[in-house]
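Student: Protein chains in written order, with my numbering: chain W, 10 to 265; chain Z, 10 to 265; chain F, 10 to 265; chain R, 10 to 265; chain H, 10 to 265; chain P, 10 to 265; chain G, 10 to 265; chain U, 10 to 265.
The calculated label-pair distances, taken between Cβ atoms and stated as ranges, are:
hint, chain 1, residue 1, chain 2, residue 2, range
1, H, Thr49, G, Ala47, 52 to 62 Å
2, F, Arg104, H, Thr49, 40 to 50 Å
3, H, Ala103, Z, Asp207, 38 to 48 Å
4, G, Asp207, U, Glu128, 42 to 52 Å
5, G, Lys100, H, Arg104, 24 to 34 Å
6, G, Asp207, R, Gly48, 30 to 40 Å
7, F, Ala47, H, His88, 27 to 37 Å
8, R, Ala103, P, Arg104, 29 to 39 Å
Reference listing, derived: stretches of chain G covered by chain P, where coverage requires no fewer than 3 residues with Cβ under 8 Å from a Cβ of chain P:
hint, region
9, 162 to 173
10, 219 to 226
Hint data in this document are derived by calculation from the structure and do not stem from the laboratory.
Where is the CB? At the ideal position from N, CA and C, for every residue including glycine.
There are 8 protein chains.
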Amino acid sequence: MSPERLHSLLNDLAQGRKTVAETMAQLQRFPVDPVEQAGTIVARLDTQRSLRHGFPEVILAEGKRFDHLQAVVERALSHDADLLITRLSRKRMARLQALFPLLQVAGGSRCLYRQMQAEAGAGLVGVLCAGTSDIAVAEEAAWTARLLGARVVCCYDAGVAGLHRLLAASDLLREAKVLVVVAGMEGALPSVVGGLVDKPVLAVPTSVGYGASWQGLSALLGMLNSCAANVTVVNIDNGFGAGYVAGLINRGAAGV
Amino acid sequence: MSPERLHSLLNDLAQGRKTVAETMAQLQRFPVDPVEQAGTIVARLDTQRSLRHGFPEVILAEGKRFDHLQAVVERALSHDADLLITRLSRKRMARLQALFPLLQVAGGSRCLYRQMQAEAGAGLVGVLCAGTSDIAVAEEAAWTARLLGARVVCCYDAGVAGLHRLLAASDLLREAKVLVVVAGMEGALPSVVGGLVDKPVLAVPTSVGYGASWQGLSALLGMLNSCAANVTVVNIDNGFGAGYVAGLINRGAAGV
Amino acid sequence: MSPERLHSLLNDLAQGRKTVAETMAQLQRFPVDPVEQAGTIVARLDTQRSLRHGFPEVILAEGKRFDHLQAVVERALSHDADLLITRLSRKRMARLQALFPLLQVAGGSRCLYRQMQAEAGAGLVGVLCAGTSDIAVAEEAAWTARLLGARVVCCYDAGVAGLHRLLAASDLLREAKVLVVVAGMEGALPSVVGGLVDKPVLAVPTSVGYGASWQGLSALLGMLNSCAANVTVVNIDNGFGAGYVAGLINRGAAGV
Amino acid sequence: MSPERLHSLLNDLAQGRKTVAETMAQLQRFPVDPVEQAGTIVARLDTQRSLRHGFPEVILAEGKRFDHLQAVVERALSHDADLLITRLSRKRMARLQALFPLLQVAGGSRCLYRQMQAEAGAGLVGVLCAGTSDIAVAEEAAWTARLLGARVVCCYDAGVAGLHRLLAASDLLREAKVLVVVAGMEGALPSVVGGLVDKPVLAVPTSVGYGASWQGLSALLGMLNSCAANVTVVNIDNGFGAGYVAGLINRGAAGV
Amino acid sequence: MSPERLHSLLNDLAQGRKTVAETMAQLQRFPVDPVEQAGTIVARLDTQRSLRHGFPEVILAEGKRFDHLQAVVERALSHDADLLITRLSRKRMARLQALFPLLQVAGGSRCLYRQMQAEAGAGLVGVLCAGTSDIAVAEEAAWTARLLGARVVCCYDAGVAGLHRLLAASDLLREAKVLVVVAGMEGALPSVVGGLVDKPVLAVPTSVGYGASWQGLSALLGMLNSCAANVTVVNIDNGFGAGYVAGLINRGAAGV
Amino acid sequence: MSPERLHSLLNDLAQGRKTVAETMAQLQRFPVDPVEQAGTIVARLDTQRSLRHGFPEVILAEGKRFDHLQAVVERALSHDADLLITRLSRKRMARLQALFPLLQVAGGSRCLYRQMQAEAGAGLVGVLCAGTSDIAVAEEAAWTARLLGARVVCCYDAGVAGLHRLLAASDLLREAKVLVVVAGMEGALPSVVGGLVDKPVLAVPTSVGYGASWQGLSALLGMLNSCAANVTVVNIDNGFGAGYVAGLINRGAAGV
Amino acid sequence: MSPERLHSLLNDLAQGRKTVAETMAQLQRFPVDPVEQAGTIVARLDTQRSLRHGFPEVILAEGKRFDHLQAVVERALSHDADLLITRLSRKRMARLQALFPLLQVAGGSRCLYRQMQAEAGAGLVGVLCAGTSDIAVAEEAAWTARLLGARVVCCYDAGVAGLHRLLAASDLLREAKVLVVVAGMEGALPSVVGGLVDKPVLAVPTSVGYGASWQGLSALLGMLNSCAANVTVVNIDNGFGAGYVAGLINRGAAGV
Amino acid sequence: MSPERLHSLLNDLAQGRKTVAETMAQLQRFPVDPVEQAGTIVARLDTQRSLRHGFPEVILAEGKRFDHLQAVVERALSHDADLLITRLSRKRMARLQALFPLLQVAGGSRCLYRQMQAEAGAGLVGVLCAGTSDIAVAEEAAWTARLLGARVVCCYDAGVAGLHRLLAASDLLREAKVLVVVAGMEGALPSVVGGLVDKPVLAVPTSVGYGASWQGLSALLGMLNSCAANVTVVNIDNGFGAGYVAGLINRGAAGV
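So that you can see chain W by itself, here it is in the shape it has in the complex (with noise of 0.2 Å):
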């Protein structure tokens, strides 16, 4: 809750517009949407920071039931808001789609989204992946960006082992106001572009790669690693934390 909030409350209290016992009851109720299933809260939404504008609700569909995934949209539909939902497998995407045909699939990544008023987005924000194994993950970052408001171009195949390949993203690496740059394997592009630019780079390794990349600690490693200072660094795989941080720098440095 925001201090403002905080304080309003407070002063209705104090001059006798509530009393204590309605003011306890709005500190506890009104930012959570508890969803109730079978007699149980399975989720309680943030309903507070969902509802102004551009902050998507987001629902980590990864390692939830069906059930309980299910309920859980089903009332985030019910509140006019941005939705995104990320980490579906193809089977749970189709069948979301099935009972929900608002939801939209987001371009190349696993994720599901409802966008009430489609706008131009403002500012730039550019991201780039290694590998064509890693488009899915750039698409998550990509698509929460473009939730956040941001305009959003994007380069892919643009590893290190063929530098001249970054080239092609010249214009796109001396625009934008932030860069989400995505690799597996050894994760070394975030270095590179980060030597190349005067802006904050936010690299996302991802689980590509076999052998000693160890589901992606090898990428994660080298991209904390950074001689770069201009670097940092979300979870493996994790598009969405990306695409939401470059939405927030976007948004400041756009002066949206």
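Chain W is fixed; fit chains Z, F, R, H, P, G and U onto it per the hints.
Tutor: Structure of chains Z, F, R, H, P, G and U alone, referenced to chain W:
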């Protein structure tokens, strides 16, 4: 074997009521009930503990061949004691229920149980979990504590990235004798809860998460390194262990 | 801050006994005492918890610069509450004692403490350790529990490679409300003790060992994977944490 | 090749009974029988060791393509020696038995074997395991030792969380020449057994467990760090290796 | 090298103002200033970036031989640009200050710096840390951001085990353009802060902790797996990196 | 891009044969052939390297969506150059062969290839492997080296637990320009081979093994720590990498 | 306590020769000799095992405070039994020798010992090590085996990168009842030796190495994954453990 | 021993020029020179390899007791061959130089060497490193390659976060027969260099870095997972190994 029992056995021997051979036989046979299959002893039930009031016989299903599991369950049901079978796949759960109709499903957990006398629970154990995906583990803890005689109240999806959701549990935090807190990903919830209360907090890391959560390592380390002094930890996904110790602490504190 | 306190603050505000500004000030200042040094706030003492009967203020010395440590200790001593300083090197212990003669050495641990009223302990906490090298950690647990009001009995060098040595502790195992079991190397002692009793066992892995003990990893994993259901675990060498929770459980069970 | 054989080869050469070319040919061909498939040598059987009395030819099935496995088994059966095939899936076991009716199932293990002369075993090897889920590995050890000529007695489900269950094995502990102790989870059983006897204890960690057992790492580290001096360790789930060394030690001690 | 510069070089060449040889020389020499010692080039300063307004030349002292370090510092001071030297031991700090009196101590960090024009900072960067032992890393972040032109406000010892301490930072949380959050042990503070604000949170894990904190691994994993979407992470103890990116984001958002 | 080519481009520009715009276009387009699918560039073929004599275009199939894989293969076949597709499942191999009949199966590896001019190989590369289960990786190395123009001889199932089996390879060890040695489990074979020869040994750890082999970690560490000075290592199961470097060394040594 | 002893105790009780109280006292005191210091029992010597012929009392010095160590050594010397003190620093070794002149230096190991009756050893234990840096560990194994009555022959610096060096040990390999093989780095020597002999090989990984040897992890994994079936493993640098088990096997095989 | 030598020995025996005993003696003594100290053979020099032209005898100083090291160096100097001693501390370097004035310091490495005939090197080996802190390891590689007869050119501080610095090495990249690339932190340099050239790249990870570089693990994994096909890897900080293999490849390619 309890010291009292040992003393009594030695007394009988000392006073000639038992021979040496009889005493040694008792020492070897009493508290163990061997289960044989195809000429091999595949399990030895600990009859001593389960026959006392309120301590269930517990069978970990995971990793056992089904024929072994079935033989052990059948024998355990022949004792007049509570029974808990944990970590069942859906398929195994159905097969066991078909074979042994006495077994009941333990809520949203992956367990079956048989309770001889369903009394109202005493004391109060609170079970919290951080996300929807943690519910199965939380339910395992809740039902285990119930089988040890506790009254149990649950509060799910109360993770730290929306602390106001914890307010829903403020009564529970105040009244419980002991809290079980279940969380995956970064596993921060037990630290936050531990900072709010002055009672034992039993933290259960779950394998929920992806990438660098390494199947629960992240949550486990987070909980072991908690800066709250009242937090102790059990194995990843070990709802049973936390529920068991919560039941023991609740007994002591509730004077049961 | 406790719910009662929150309720009372809101009541005062509702009935005009406090202004909004006063209430916000109280919410911000009361339970925290900031320690400043050279213009920087280097610590914020949690005065709320330590001022209640029997909860010591605890200062982890390890990792702090000595000037910071000294400033924090000095401030903490200015409160009329119990105090425990853990993980002191020999040298730091001597320097602090010279500066603050009120501080006493806590047995064979690496701690100093100040106890306002040394009452006889209540209930009973048992502290066992596996080997001679584990004694410092065990003593840290024992003295922490004493500061929380427990009577404590210790039994050292009772490792599993000579189980008959455990017999020396049979009375303790029977009578204690809760047991702290400290072990390095393979960390098997808590499993064995856990199988002998029906009460909570708090397991403390130590960094004692060599080679593939990996500074306590071996003992930690052994305890987390204990086949005894009544075992929970704290961080490596964290005698303080185990003693603290043992003190809490003992309070509940002893009805203190 | 044994030194005696080398000496004899050199003697023949020195005395003109063999040419240099013949000697080099013998050095290259004798103890190895290459198995070819589709123009590629896919295996080289170590005929020397398996042809001596009592040493079985051993084939690790896991990881081999089935056509390679079949070719190797067929060739191995053509030698008049004992044979052991380990780590077979149920399906592969059935396929091999259909192809080669001479092969017999080795109890509850995942092995097939062929024994030329089934003599009564000599000496005594004891095989213990901690839980029901460890039985398959324990049986692999037991049958391997039998193929090396040992008499073997087994005692299963004797874990440390109920030490009285070990009493069932007291005769075995006293009489065996060497003990194989199999355990998963915390892997504490070898330490306890090692503390009770003065003979070699071969510890086999298993991948039984969950969460922070990390597929046997927990048990492995526990055993490597055993505080009992008479414990040595083999790879996770390597019942074969423990049974093999137990057979060797038993031979030495039984004077076979 | 910037695209503008490349374009200009090519233009000169195209119009005959430069020869091919001259162009290649420029491509090779301009943005790099090699530092030689005893006939070996031991460093190549990146003059291009540091000569622009506000980007300091940064020298990581750790791991360098002192004679190499001295040579590099001397050369860097010869450029008219800001300079930051990080990760100095106390001893090296004193030696460098004696040699180069222009260098100033950067608060409680382990850094020295030289700032050409000390302007009042713009925007606002908030730096929080969880415990007293994290201060050195937090100060490194704060001073780095200052060298990039940011106004910086710090709030230390605000860990999650006493959330009311965070209230002291409520103004800062509201007003900052970006937050740097430094924590060791379980590293939960960034998740909690991330859940309270809608701006980028740069999380810095520290090596503060003991036992299973594994020199910062625990905090690092906790932060990477944060359930708050607005958290990105830098290397363990890398206050410099977080301060650098915070400075970049602050520039963008403050319109500097 | 090669320096010669860069020089020539700059020369053209300097002498007015090319405009600045044309030069920049060439710098961006020449050595890369973008593959588009559904409006997204999913791959950028490195045409420069593959068009030179004898360097195949290599496509790692693992991790790619099949539609992406198919598009890339189709484009690659349109160039008149050798092609190698690695890490195909049986199913994908069949699908690709049905679509592109020009592709041939590369022996016992999991690869397909197309070779424009099948010349007799030059020089000599030796490929050894330790066990039957390592053959697929060894074949990948062998066929890669062949595509780089090498004559290749293989010797399989020559592990260290029967050193006399290595004798079969004595000619190969003596005559090869470079050796590829493939092994799983403890990965000791490269050390032994490295001690016998004075030429480069390229060690390939495989994921063959079980338990504490941790999917090839054991073999990888063994090879990295080899006490033989002439051993270098590639990633786990990376037969392609070893074959590629062997091909390069063989070219140099054979004067091709 | 041995079964015979238990039987005799119970017999005495049954026939009235002992009271229950006397029996329980015996059960508690006999085989353990507690060492007290400053009011705390710091160690419990296992008198039972060490008082039998030929089993030394063993004290691990590492990790113990010197005053504790001194007290334990003093008490151990008061028993008429062999004594071995392992893992002494040079400084502690000198201090102990000054205090207890009866103690002798055990060759090139870091041990002191006292042997009551120096008999000529029986049987034969072979101790090999791979490199010069492994000698201290190898000597610990050799002297431990000697204290258990074995004749011991050593062969050092016989690593796999020069297999012809193993020839020096061919007699030893043939005649020993059991082999201890010590190696660091890749730890391949036990596999090679294991492939040459048909007797138990006890492998000791050492922490010798650098980089990715991770203080012995590399050698440990190599030995656990040995493809030779007759290899078992002890903890890193645990020469004592290997020497102890070698002594036990040698006793059995030599019929001592 | 070489096959030619073996053939000749067998010939002598076959034709009666040698007895069996003489032959076996030769097989055992020739290529090994044992170094004894205080009655123990502490090292066995591999005289065969070092006596051939251009292969130095190499002594790894790290981990050896100084008296052992001194004895080995003394013996090695008695042979008329090149000598390289690696990984010397400053102190040991000084002591050895005082004892053996023939030894020379190998540039900025931690090595001493003796070269019998300092010829001008042939071929060309390029040695690059990423940062100033990597120089010692790079120098070890350079001097090792020189002792194997190579001409060596070095280019230091050419890391990826400022790719234009690589331009300084463009001639070297083009002309070298083989490249050694040394880097710590994220270890990305070999991937970038590998993408620029068509020759073998030997990657050396260093322990330079902090935090999650885990003493070189990050660089090691980055290099093993390189997306450039021409990269192979040696152990962390193993400049010697890379220099040795570079020397071998250079010999082959230079036709020396």
